[in-house]
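In order, the protein sequence lines correspond to chains A, B, C and D.
Each residue of the first sequence is one higher than the one before, counting from 0 in numbering that gives the first Met the number 0.
Each residue of the second sequence is one higher than the one before, counting from 0 in numbering that gives the first Met the number 0.
Each residue of the third sequence is one higher than the one before, counting from 0 in numbering that gives the first Met the number 0.
Each residue of the fourth sequence is one higher than the one before, counting from 0 in numbering that gives the first Met the number 0.
No lab work stands behind these hints, which were simulated from the structure alone.
There could be a bad hint or two in this list.
[Claimed, not checked] Here are the in silico distance ranges between beta carbons for each label pair:
(1) Ala200(A) with Ala413(B): 18 to 26 Å
(2) Tyr265(C) with Ala89(B): 21 to 29 Å
(3) Gly214(C) with Pro217(B): 57 to 65 Å
(4) Ala51(C) with Ala357(B): 21 to 29 Å
(5) Thr393(B) with Asn438(D): 42 to 50 Å
(6) Asp404(A) with Tyr265(C): 18 to 26 Å
(7) Ala204(B) with Arg352(C): 25 to 33 Å
(8) Pro414(D) with Gly394(B): 52 to 60 Å
Glycine included, each C-beta is placed from N, C-alpha and C at the ideal position.
Read off the chains here:
There are 4 protein chains.
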Amino acid sequence: MPLTLDSLLTAPLLTTQAMQAALSDTARLAAMLRAEAALARVQASAGLVPDALATAIDAIDPASLDAAAIGQATALSGVPTIPFVRALQARLPPELERHVHKGATTQDILDTATALQLQAATALLRTDLEATIAALAILADTHRRTPCAGRTYGQHAAPITFGFRVAVWLTGLAEAAANLPLIALPASLAGPVGTLAGLGAHGPAIADAFAQELGLAPAPIAWHTRRHAVAQAGFHLAALVGACAKMATDVAHLASTEVSEAAEPYIPGRGGSSAMPHKRNPVSCTVILAAHAAAPGHVAALLAAMAAQHERPPGLWHAEWHALPTLLSLAAGALHEAGTLAQGLEPDPARMRHNLDATNGLLFADAAAARLSPLGREAAHSLVEHAATQVRGTGRHLRHILAEDPRTAGIDLAPAFDLTPAIEAAQPWIDRALALAKNSPHPLRLGEGRRDGRGHEHKP
Amino acid sequence: MPLTLDSLLTAPLLTTQAMQAALSDTARLAAMLRAEAALARVQASAGLVPDALATAIDAIDPASLDAAAIGQATALSGVPTIPFVRALQARLPPELERHVHKGATTQDILDTATALQLQAATALLRTDLEATIAALAILADTHRRTPCAGRTYGQHAAPITFGFRVAVWLTGLAEAAANLPLIALPASLAGPVGTLAGLGAHGPAIADAFAQELGLAPAPIAWHTRRHAVAQAGFHLAALVGACAKMATDVAHLASTEVSEAAEPYIPGRGGSSAMPHKRNPVSCTVILAAHAAAPGHVAALLAAMAAQHERPPGLWHAEWHALPTLLSLAAGALHEAGTLAQGLEPDPARMRHNLDATNGLLFADAAAARLSPLGREAAHSLVEHAATQVRGTGRHLRHILAEDPRTAGIDLAPAFDLTPAIEAAQPWIDRALALAKNSPHPLRLGEGRRDGRGHEHKP
Amino acid sequence: MPLTLDSLLTAPLLTTQAMQAALSDTARLAAMLRAEAALARVQASAGLVPDALATAIDAIDPASLDAAAIGQATALSGVPTIPFVRALQARLPPELERHVHKGATTQDILDTATALQLQAATALLRTDLEATIAALAILADTHRRTPCAGRTYGQHAAPITFGFRVAVWLTGLAEAAANLPLIALPASLAGPVGTLAGLGAHGPAIADAFAQELGLAPAPIAWHTRRHAVAQAGFHLAALVGACAKMATDVAHLASTEVSEAAEPYIPGRGGSSAMPHKRNPVSCTVILAAHAAAPGHVAALLAAMAAQHERPPGLWHAEWHALPTLLSLAAGALHEAGTLAQGLEPDPARMRHNLDATNGLLFADAAAARLSPLGREAAHSLVEHAATQVRGTGRHLRHILAEDPRTAGIDLAPAFDLTPAIEAAQPWIDRALALAKNSPHPLRLGEGRRDGRGHEHKP
Amino acid sequence: MPLTLDSLLTAPLLTTQAMQAALSDTARLAAMLRAEAALARVQASAGLVPDALATAIDAIDPASLDAAAIGQATALSGVPTIPFVRALQARLPPELERHVHKGATTQDILDTATALQLQAATALLRTDLEATIAALAILADTHRRTPCAGRTYGQHAAPITFGFRVAVWLTGLAEAAANLPLIALPASLAGPVGTLAGLGAHGPAIADAFAQELGLAPAPIAWHTRRHAVAQAGFHLAALVGACAKMATDVAHLASTEVSEAAEPYIPGRGGSSAMPHKRNPVSCTVILAAHAAAPGHVAALLAAMAAQHERPPGLWHAEWHALPTLLSLAAGALHEAGTLAQGLEPDPARMRHNLDATNGLLFADAAAARLSPLGREAAHSLVEHAATQVRGTGRHLRHILAEDPRTAGIDLAPAFDLTPAIEAAQPWIDRALALAKNSPHPLRLGEGRRDGRGHEHKP
């Protein structure tokens, strides 16, 4: 019950070390320093501050700043930027001190730092996402002709192939990958009330150069209280978790005792129980589904924060501070486990085949009704519905029960019970999904998937 | 306390008639008929069904279907498509009946109908959004040099212009306009388990032709349980409301008694009070802010619904049914009122000027500190902070108090109290916002803004 | 895609007619009339208005008021109370007209009407909830010794009884029943700014009498902007849906093809598929789980609305209007289906027994490890874990594999594979749950449960 | 952008040290040890384990356990309890080792630890809440006759007193205090599948004794997947934040430049701006409103988690781990700042009086209309509405404009412009609020409020 994503006890399960590092206090201070240095650099180019300023800022080790002392002062000032700038000035020679932070406001530095950290964080997500997609592409291709039951409302509906199911997961993650560039924020340099008046006529050019210097998009006008991009970044993080959760929902069911069509990768010691030595709990699914339950509320908070008053609001900006890092941490943990699943999932084609037979042909009811369509759609549907009741009551096979009905005389029902059409029907869709994964606008470097299953002591 | 967006008592306040019509049962049945007709048409082209089928479906008046009877049967079937298809078949000649709905599943028809209704609904939003943006562009341009107080944390911070503030609103709505194309869904034709196996080798081609016939995007693979697009549509609707809410938050404060820098458009009878005859309540802001508080929860529900099990889930698809129409209704109402504000807002430049003077020069403290920067940033900041305390204590003007301090000797403070730099600083940003509005990738038809304020008895 | 809970096409599936009636425009107008009549009555007792006023208001048929006209005027006024009071005055003799609504404000009448409608609505919920609890009590008692697999993380864990599982559902619903009294609001009579100044020294006494007259709790001080009770009512509605959803989650899994331990009650025509004639989809679970996904966002909106500004806010009160009726409608639909499940669920004890055997004794692994505890907890655990791997690999029974291990020599393992201890262990908890259901502080009228399964064409 | 509530940079602003300590890893391990020790103690009383076990567990210093190592193992096991029990066993003599954790499951220990931490955490909240209520009671009493403008929809409506406004805040917090006992969880001891079968016939008695030993409520039946209490605890935490946010919303507006009726307590260095030396930002309001925007999403997540499958779910329990500690941290921070406001708020009665006069009598329009009620309610309302327009247009006083209207002849309007009735009307409600605060069912220790404003460097 400590803050779960930061707790030594639970963070290794629920997020990754790499994301924790990207969101650490040191990383934040480093990003704030980068923002101030970039500001100094572009202002020096315009002759507004000494050339030496940027170099002097660059020389400061973020780890050498006293985060705790800055935090104590933040409790007074309300924003870390104020004590941060003071700490920064204390490190500079007297002749440079007064040139720091020129024209900027607290929110500029924090929002720009967030934009920079988001760059680093999404790069981490991209790596894991590409590996996951690559592994799913292999899995979909490998099992493109492995028949299994398609399920709707929890019940057997009609046959599909396991590769097709994986292709749906894959397409969901490819969508998330295509939206990764939207998990980004522009640079912020707008000054206390958004007009960057402190820089006079230099303002717009300096703001543009500042963004370019940092590799961030420029904003057309202050976004201190225009927060679409923040909410959008949060949405796409939650949607990424959602795409993982689609897969995890399916896998958790496939791994359930009665279904047993797939198991999470076997990792010694994983998924055990303190009480039940035989258990092999789906830990990856658990982590993903927990993240998925937790994520949407943060998006709601970011949307609510769009109603920010005037030039900067009392509260709604601070409210965002909670949401983005949490969503990034959740997404990192979920995606890491999605990668584990994609790379190590153990499908059991024999069991899939076994389950296909479990309903005595009911799975082919749709196909049978189609064969019977000369009787009229409604009549065929009703005839099969009636036969299905008999199948359930007697345990006999649908094919035999239908064959006994005089109305089916002269209709060859055999093709309805052939898996081939279901397998064939799945192929072009799998092809499309694989093509999508390979030809995304932000081309994925497929084929570099992790296959070793390592790193489970603590996520890298 | 009836369902508020449908109640005769409250819907006219909170949404628009046009959106209500776009979401009516008749519109839904019409969209379902369009989907079935398109399916028939493309299947006829492939020789799968008779040519007459599509024509026969086209001839059915959706209003002639018994929605209540279909609904009664839906309580049994769980999905309206089943009784709908039966009702449709009952209207067709016997030789066509069995060809209807071939290969499709219930969700295909409902999801495609939703996609079609979303097209119509976003067209309504586009119209209102363009009018709003056009009106805001005029407002921003008109008041580009009207000075007013910039406010942060609810307090006067530094001067801006009213046109600049409007330009921020405008940019927020232009972002929403640029994202309107994302409030869309692809066509759905995937059959019971997503492989469209019922159409055999024809499947993918028919699915593509079906989408094209309806003017919808095709899906690369079944999206029955891949719901990113649904969540994304919901997000952008809520974000549109959020962009309106940014404006409404500001206007509600500007319209408050002590500020009085702007009033909602005067419409006889609007905004009165049962108890207080003098009140002119900001009704447009109220409607927008209510929509904004209600919208985010629906996005959270849509995100949650992404974890849909296997080929079709027990519950999460039905959960979506609540969210999208509510979000569309909220967005329509909020946007309508945003348009009312944009077109009829009554800014009071004299009052803005009066308020600028209210703090005896404190609004220029930032500029004064900048003028004093030769003393060192920290020293200048501290000197002004101290002077500000005196201003608040004595009611004297900051300029005079600063002038009395010996440390300011030889520094010309007058420029700090000149509004011109603040006005000039705002201009390029306003220009950028106006350019953005005019050159959006989905070009807005500016200049066609509604200016009459009509339609308030009931929103058109 | 119309507003789903109001659509003729979908409302019969998703909510109840009785709740729709309780939330109708006519019911709302009736509640507003009751509020005004009660105000008149208590003011007449104090000599403030003529005695005839209350009688005259009582005589007005709410259905005779023109809801549409009031709604049109609401689009101007911002609150339905203003045109409602005008419509009411138009029905009164001239000498009474000016006495109506004395001292009250718009929000008083609407909030009090909401409180009254909530009384009626929760009475409906109570009836369904009691019937559901009664039916679950019978089900738990009937199957108190029916063994089945207990499942954790989707996997067989150890044996329980089906009655125990039902007892957990039952306890969840009994908790919801115990909290029904919290789905309530006090009367509101506080005047425009909360002090009821219009009634002078009569204020507090009139406010108390007003509440008593209506059978509502009095408020200690104006709750126009103190909205804990509203959020709390919403929370307990969503929590009621959540308690239903716990049951539905379990039932949907039990009804899934591979598990098949229970089926939703058979109702001809229910749960079919347009494409798959053999399907028997869990429609009740679907409705409940859809409600559960939709409900939490409304609670979040009500919590957000607690930050209402000053004496009455621009927006946040109106935001509540969306949430409570939606939550009531969702709860009514979910609870109705929970009742259907509780009363008609078809458990399959033979299948439960079959599934217990499916893992070749792994379900008894915990008990086996306990028998082996003389070896040391860790050693026993490890020995069983190892044996479990062999069970899964060989398909042989755990008992035999353990017996072959020399370390188990001299330990009688047979009791570990006996179901009796698991059955016995469940009994006292079932007893407690049944006692809880019977002795709730708001005693449930058990034993009156609906058993006929009727009413499914449209929920009563 | 680190996890904001844990970051050294921002935690001191947003939560309290005491709450951080209550939620620390060490506190969590201590609570887990307490749970295991209590289990040992009650089992020893029943002769199930050696007496020495509990004493041996008590002797373990939680800080001596290696939280990081446990966390690394948690990444494998999925639940910290498993490595925790192993670490615990490693500390015990061989003869005790196998008796630890007897009959319990992982979730029992973690849920019971959460219940214990919640006890400690709510004790912290209670202390701050009582101090806040005590301070508000003084403030309400002190200003019970200080007139100020009542505001609805952001506009002046009618006069109230500042003490009345505070009494509304006070009542909101007293409601939260009355609900503090609902921020609690029962003990959990139910074993792997909820029947506590591992303890045989001892089960229920041991479970009851376990709860009593820990000072927790017993559960009638396993609550592993019956999570009403968890959601309820979360709701009341968010509602507590909401009650603080009501106050903060009002204060932020009162502190805004044009209103200036109250200022946050002056604390040197607090609320400054990096750019604007004169600013005194409402930092307390900012912290509270940020917490309020962030909190509701967590309640939605907890409600969603109620649909936990079977005996223990894959995901939804883990989802809760994120919510409760975050809500506790947010509540602690918000309540601390509410206490700061309650104890140090600086109301400005002179400014309140000034603002009352700012609308030239419009604030008395309601009272004036009441005086004119002999003309008929509608006529009086309309006459005053018309006069209000003239007041706004001319800047003349309402009293004079009304006096000039011939219809007012013979009516003494003077009392309408007297503040006394508004002041008197407020008194009984303030009395009720004060009585409520003093006589709560969980009596508050009023009068011990913090008054020094210390502790702002870091919250205690």
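Comparing the hints with the structure gives:
1. One distance hint, 18 to 26 Å for the beta-carbon pair Ala200(A) and Ala413(B), holds here, with the actual separation near 19 Å.
2. One distance hint, 21 to 29 Å for the beta-carbon pair Tyr265(C) and Ala89(B), holds here, with the actual separation near 26 Å.
3. Checked against the hint of 57 to 65 Å, the pair Gly214(C) and Pro217(B) passes, with Cβ atoms roughly 59 Å apart.
4. In this structure, Ala51(C) and Ala357(B) break the distance hint of 21 to 29 Å, their C-beta atoms being roughly 53 Å apart.
5. The beta-carbon spacing between Thr393(B) and Asn438(D), approximately 46 Å, falls within the hinted interval of 42 to 50 Å.
6. Distance hint for Asp404(A) and Tyr265(C): a CB-CB separation of about 22 Å, consistent with the stated range 18 to 26 Å.
7. Taken as a hint, the range 25 to 33 Å is violated for the pair Ala204(B) and Arg352(C), whose Cβ atoms sit roughly 50 Å apart.
8. Evaluation of the 52 to 60 Å hint for Pro414(D) and Gly394(B) yields a failure: the beta carbon distance comes to about 34 Å.
Hint check: violations occur at hints 4, 7, 8; the rest are consistent with the structure.
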